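Engineer: Sequence:
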Amino acid sequence: MNNIHKTAIIEDGATLGDNITIGAYTIIGKDVKIGDGTIIDSHTVIEGKTTIGKNNHIFSHATIGTIPQDLKFNGEDVELIIGDNNKIREYTLFNPGTIGGGSITKIGSNNLFMGYTHVAHDCIIGDNCIFANGATLAGHVECADFVVIGGLTPVHQFCKIGTQVMVGGASAVAQDIPPFCLAEGNKAVLRGLNLTGLRRRFENREDIDAIKFAYKELFESGKPLQDVAHELFETNENKYVKELASFVLNTKRGIPFNRK
Numbered sequence: 001m002n003n004i005h006k007t008a009i010i011e012d013g014a015t016l017g018d019n020i021t022i023g024a025y026t027i028i029g030k031d032v033k034i035g036d037g038t039i040i041d042s043h044t045v046i047e048g049k050t051t052i053g054k055n056n057h058i059f060s061h062a063t064i065g066t067i068p069q070d071l072k073f074n075g076e077d078v079e080l081i082i083g084d085n086n087k088i089r090e091y092t093l094f095n096p097g098t099i100g101g102g103s104i105t106k107i108g109s110n111n112l113f114m115g116y117t118h119v120a121h122d123c124i125i126g127d128n129c130i131f132a133n134g135a136t137l138a139g140h141v142e143c144a145d146f147v148v149i150g151g152l153t154p155v156h157q158f159c160k161i162g163t164q165v166m167v168g169g170a171s172a173v174a175q176d177i178p179p180f181c182l183a184e185g186n187k188a189v190l191r192g193l194n195l196t197g198l199r200r201r202f203e204n205r206e207d208i209d210a211i212k213f214a215y216k217e218l219f220e221s222g223k224p225l226q227d228v229a230h231e232l233f234e235t236n237e238n239k240y241v242k243e244l245a246s247f248v249l250n251t252k253r254g255i256p257f258n259r260k
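Number 130 in our numbering belongs to position 130 of the sequence shown; there are no gaps in the numbering.
Please keep in mind that the hints were generated in silico from the structure rather than gathered at the bench.
Predicted, not measured: the structure shown is a model, and the values here were computed from it.
Treat the hints with caution; some may be incorrect.
Computed list of lysine-lysine pairs in DSSO-like fashion (alpha-carbon distance at most 27 Å, straight line) [what the hints assert, rightly or not]:
(1) LYS106 x LYS252
(2) LYS33 x LYS6
(3) LYS252 x LYS223
(4) LYS252 x LYS216
(5) LYS106 x LYS87
(6) LYS106 x LYS54
I would like the entire structure built from these sequences, with the hints used as guidance.
Structural biologist: If you want it as C-alpha cells, here you go:
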C-alpha cells in the first residue's frame, strides 16, 4: 500500500510500484515509473521518461529527469534510468540523455549522491559510488563502480573515471582517471593508488601488489605509457592489471600524470 501525501501531484500515466512513499508538494510526471519501496520526500520534481528502481530514497527538493542542459536538445525521446537502493540527497539535479549521446543517462545501484550533486545528460554511472556535496558531472561522463568524487569537484564532459577511483575534494577533472587510482588538484593529476579503497575491497594481497607493480610501471618508470600498457595487457595475467592497462590503452582524453 502506498503512502502519498494529499498535496502531491501524480499525473495520469505515471506507474507506481508497491509500498511507495511520496511527500508533500511533490510532482510526478506522466511518463515516470517508480519501483517498490522507494521514498520520495517533499517538494521533489520527477519528470520525463524516467525509470526509478526499488528502495531508493530521494530527498526533498531534488529535480530528476528534467530536460538536458544542452542547447541542441529539441524535445527528442530521451531517457533517465536509475537502479535500486540509491540515496539521492537534497537539491540534486539529474538529466536524461540526448540524441548525440545515445539518448540515455544511466545510474546503477547502491550509490550515494550528496546535496547539490549534478548528473548531466548521457552520463553512465556504475554501482556503489559516492558523490560528495557539489560534485558536478558534465555531459557524457562515465564512472565505473566504487568511485568516490570529493565535494565541489567538477568532471569535464566525456571524461572516464575507472573503478575504485578516489578524487579529492575541490579538484577539477579534465582527463581520464584510471582504475584504482587517487587523483586530486586543479587540474587533477594522479597522486598514487587508492590504497585505502583497495584494502577495503580486496582480501587478496596479491591483487593489490599486482596493481602496485602495474601503477609503478605505467606512471613512474618513465617508459612510454602506451608501450607499457600494451605489454602489461598482453603479458600480465592479473585481471585487475588487465583492467588498468586496457583503460590506459583506450583513453580518449589522456591520463593526467607527472611524466618523468
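Engineer: Please flag the earlier hints that this structure goes against, numbers listed from lowest up.
Structural biologist: No numbers; nothing is violated.
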